[in-house]
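> Sequence:
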Amino acid sequence: MVLYGDLQTSVAVLVNGALIAYLALFPAVFALVTRRGVIVHGRPALMAAPFAWVATELGRTHLFTGFPWVLLGYSQTRVLPIAQLASLFGVYGVSMLVAAMSAALAVVAVGTGPAYVGRRLSGAVPRLSGAERFGPLIVVFAILVAVAVWGSRRAAGAEWRRSGEAIRVGLIQGNVDQAEKVDVTRAGAIFQDYLRLTRQAIREGAEFILWPESSTPFLFEEDRAAAAQVRTLARQARVPILLGSDQIERGPGGLAARYFNSAFLVRPDGTTGGVYRKMHLVPFGEYVPLKRVFFFAAPLVEAVSDFSAGETPALLPLGDHTISTAICYEVVYPDLVRRFVAGGSEMLTTMTNDAWFGATSAPYQHFEQASMRAIEEGRYMIRSANTGVSGIVDPYGRVLARTAIFQPAVLVGEARFLRTSTFYARHGDILAYASVVATAALLVVARRRVQ
1 MVLYGDLQTS
11 VAVLVNGALI
21 AYLALFPAVF
31 ALVTRRGVIV
41 HGRPALMAAP
51 FAWVATELGR
61 THLFTGFPWV
71 LLGYSQTRVL
81 PIAQLASLFG
91 VYGVSMLVAA
101 MSAALAVVAV
111 GTGPAYVGRR
121 LSGAVPRLSG
131 AERFGPLIVV
141 FAILVAVAVW
151 GSRRAAGAEW
161 RRSGEAIRVG
171 LIQGNVDQAE
181 KVDVTRAGAI
191 FQDYLRLTRQ
201 AIREGAEFIL
211 WPESSTPFLF
221 EEDRAAAAQV
231 RTLARQARVP
241 ILLGSDQIER
251 GPGGLAARYF
261 NSAFLVRPDG
271 TTGGVYRKMH
281 LVPFGEYVPL
291 KRVFFFAAPL
301 VEAVSDFSAG
311 ETPALLPLGD
321 HTISTAICYE
331 VVYPDLVRRF
341 VAGGSEMLTT
351 MTNDAWFGAT
361 SAPYQHFEQA
371 SMRAIEEGRY
381 MIRSANTGVS
391 GIVDPYGRVL
401 ARTAIFQPAV
411 LVGEARFLRT
421 STFYARHGDI
431 LAYASVVATA
441 ALLVVARRRV
451 Q
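Residue numbers (our numbering): 1 to 451.
Hint data in this document are derived by calculation from the structure and do not stem from the laboratory.
If you're wondering where the values come from, they're calculated on a predicted model, not measured in any experiment.
Note that beta-carbon positions come from the ideal geometry of N, C-alpha and C, so glycine has one too.
Check before you lean on any hint, since a few could be wrong.
[Unchecked claim] Cβ pair distances, simulated, as ranges: (1) Val-444 <-> Gly-343: 33 to 41 Å; (2) Ala-156 <-> Arg-224: 47 to 55 Å; (3) Val-444 <-> Thr-9: 43 to 51 Å; (4) Arg-258 <-> Gln-8: 22 to 30 Å; (5) Gln-200 <-> Gly-17: 40 to 48 Å; (6) Ala-156 <-> Arg-447: 47 to 55 Å; (7) Gly-17 <-> Asp-306: 18 to 26 Å; (8) Gly-17 <-> Arg-199: 45 to 53 Å; (9) Arg-168 <-> Phe-423: 56 to 64 Å; (10) Thr-9 <-> Arg-168: 28 to 36 Å.
Construct the complete structure from the given sequences, taking the supplied hints into account.
Here is the structure:
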C-alpha cells in the first residue's frame, strides 16, 4: 500500500490493521464457541471444535466480501493421500480432518488436568476416564488411516490422467517488476518480450498459450495496433492465446464509465473468442470497500484504479471445448471455481500477477491454493503468473511442472480436457454448511443448559 498505493505509512498501518482485525474475528468466534461448549458439556465437547472451525472458515470466505486466504486444509495440499478428501468435501473437509486430529490430541492433553468448574454450573467436572480421554483420538486416527488408504489408491490410480483429449499448453512468465509495469517507457519492450516468449512456446509445440494477469502494457481493446500483433501471431501459428488486460466499458459520449480486470481469448483465426471479467476484486488493491468508512484510503483508488466486479462466471471456447479462468486471488474461492465447472468448464486456468508479494511465502501459498481447486473439481489446472509460480497441476493435485519465482520462463506441458466430475463438484460445500448448522445447534443447547 505504501510502495504501490501511494499511501502514507501511518495510513497504510490503519488499513492493514483493519484487515487484521477483520480476520481476527473468526478465530475469536471459534474460541468463544468452543469455550462455551466445554463449560456446558465438559472437556469431551472439544470434539465439536472441528465443526466450529469449519463454520468460521466458511464465514471468512463469504462475509464482508470474504478473504479465505490459507485455510487450514491447505496445509495438506502436498500430502496427496489426505488432500484427496477435497474431491468429496472441498478444502473445508480437509480442514475438518486436521482440526479433528488437533481436537483429539487436545482431549488427551487435558484429560488428566485439574478439575474445571463451570462459571454458571455447580460442581466440578471429573477427570476423564481412559475411554473418554483416548477414545476420540482412536476414532479420528482410524478415520485418518481410512482417508489415507483411499486417497493413496485414488491418486495412484490416476484414472483421469488417461481420460479426455490432451493438449499442449504454453505458460508465459514475463517476470516484469511491478515498477516496470507502470513505466510507459518500458511498455514496448515488455510487450515484445511477451511476443518473443510466445513464439518460443509455439516452437516447443504449445497448442494453447496462457499469459498472466494484466500482462499487456496497454488496453487490449483500445490499442488496436498492438492488439493486431497478438491477433496476427495467433492467426499465423493457428494457436489460441488467453491474455489478461484491463477493459473499459464506455458510457454516453464515449466516456469511460467502468473499468474491469479482464481476460481475453484470441482464437486461432485472430478474432476475440470471449471475455471474462473478474468477479472477486481484491479489497484495498482493486477497490476500496466501504469508502465512507475508509475515506483515508482514497489514494489507493487513484493509484491502482477503481475496478468494477464482473457479474457472470463466463466460460471461454477453446476449439470444441470450454475452459474457464480465475483471475488472481479469485482462485482461492472454491465455490466460484465450482460454478465454472458446473457451467461446463473442461479445464481450469488461472492468471495472476504476484509481483506485489515480493520474495515472500505468498506466491507459494497462492500456488498451493490453486492446486487444491484441481483436486476439488477433478480438472487440470494451468497457471500463468507474471513473476511465478507458474505451473500445471493434474486432477489429483500432482504438480506436473512448475517454475521458480522472479525468473522469466516458458513452460510447455500436457493438460487434458475432462468432463467427469467429483462429488464436491456436484454437491459443493455441504459439509461446511452442515458445520454451521451443527455449531448453531451446539450454541442453542448450551444456552438452554446454562439457563
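> Tell me the hint numbers this structure goes against, listed in increasing order.
9 and 10
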